[in-house]
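**Student:** Going by the numbering used here, the first residue of the sequence shown is number 1, and it counts up by one from there.
Rather than coming from a laboratory, the hints here were simulated on the basis of the structure. Note that the structure is a prediction, hence the values are computed from the model and not measured. Don't take every hint at face value.
Per label pair, the in silico range of CB-to-CB distance [what the hints assert, rightly or not]:
hint	residue 1	residue 2	range
1	ALA39	ASP246	42 to 50 Å
2	GLY153	ALA103	29 to 37 Å
3	GLY160	ASP425	17 to 25 Å
4	ALA104	HIS419	37 to 45 Å
5	ARG457	ASN51	27 to 35 Å
For each residue, glycine too, the CB sits at the ideal point set by N, CA and C.
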Amino acid sequence: MDLQYWLGRAAEVVERWGERFGPFEPHPSHHVDDADFAAAFERFAKRLEHNYPFFHPRYAGQMVKPPHPAAVVGYLAAMRFNPNNHAYEGGPATSDMERECVAALAAMFALPAHVGHLTSSGTIANLEALYVARQSHPGRAVAYSEQAHYTHGRMCHVLGVRGVAVAADGLGRMDAGALEALLRGGDVGTVVVTAGTTGLGAVDPVHEILPLARRYGARVHVDAAYGGFFALLAADPAQAAALGLDPRPWRAVGGCDSVTVDPHKHGLQPYGCGAVLFADPAIGRHFAHDSPYTYFTDAELHLGEISLECSRAGASAAALWLTLQLLPLTPGGFGAVLAGGRRAALAWADLIRDSPDLTLYQQPDLDIVTYLPTGTGPLSLAGTDAAGERVLRAGMSAEDDPVYLSLLRVDAADFTRRHPGALADADGARILRSVLIKPEAEHYLPRLHARVSELARA
């Protein structure tokens, strides 16, 4: 799509809508001289050059990519209205869009009934889920994998809840046996499972943990902030088999109590756009509050009445809604975007496995690939750490052919469990990590692999 054309059309839509209310005189305090703006904009444009090429497949570092052009047009058009989805009167059109988007996300996870809303981030989405967990089981602990995102431990501290880290298995997934030993104590009220850890992209065995938690009377929250959209691929048996995805954890998500997902990651949305969904609509009682100057124009619950956040950008809902009109949440719609990154991850794992220059750390569950320079001497933690740092810096600083990777620190026990012959001469090591979140990585992969191999050999 022609982004410049549609941005112009978006501006026209806003201007035409505004004309129906009649002219008024702008306040002189808002006036900016064109020449002054031109000078400021030049400085602004120059500052923006200090950035990494997140749009390009040679950027294979963090879980970042530009939003879809449809999301850009939707966001900027709605931003001119500047709706606030806290209350219906703050953004009637975008509140309706948000409800439709939330319903589509709930259907993606096969939640039979739901209440939920968009959030400004995955952190806030998880905070709300843990807040409901605390209110539902006061005085009881929250358990999460030691490989879970650090936000869970931090949010437990914020909420005054005891958080307990559960051991992970040899693939970075929550160990069901270790969890059951903890649940036997009767102190755990909620178990957090992760569908796509931000380090390794590992998917916890939700299908094993859900019945286990139910046996001991515990809630289950799914942190699918990173990997949630892969539920689309897992729902199609043929695609799941072709892409090596185990559908069982994803099928179990619909039986859990709450789910978080970040459309600003795989969902092609600008920051910040997270979402939290609850299977029981009655949890709205935990958010009940009185606001003397809002909540007057709609008979239904306002989105702010089921949220800890107050002001939220209605433009985020508009951007997601417009995107979903073009890329529906189906295996062949949005799923095709994820499939490209998943195929790239599988292909790169195969290339690394056969490479004399690189060693695969572990087989990817989703689209995050972890690996290390092979080196010439015996494998050691200290050597791996130094080599990873060297490859990262050399790739970023190369002017003619840069490549952008990231590092993941793993402890000695996790490293040697995967590579038993390694010399444990340090308490941990930083390994190389690439997030193939852009489907363009699939076709760029031969060049990316060749360049990283070249850097590893240097």
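**Student:** Hint by hint, which ones does the structure fall short of?
**Tutor:** 1 and 3
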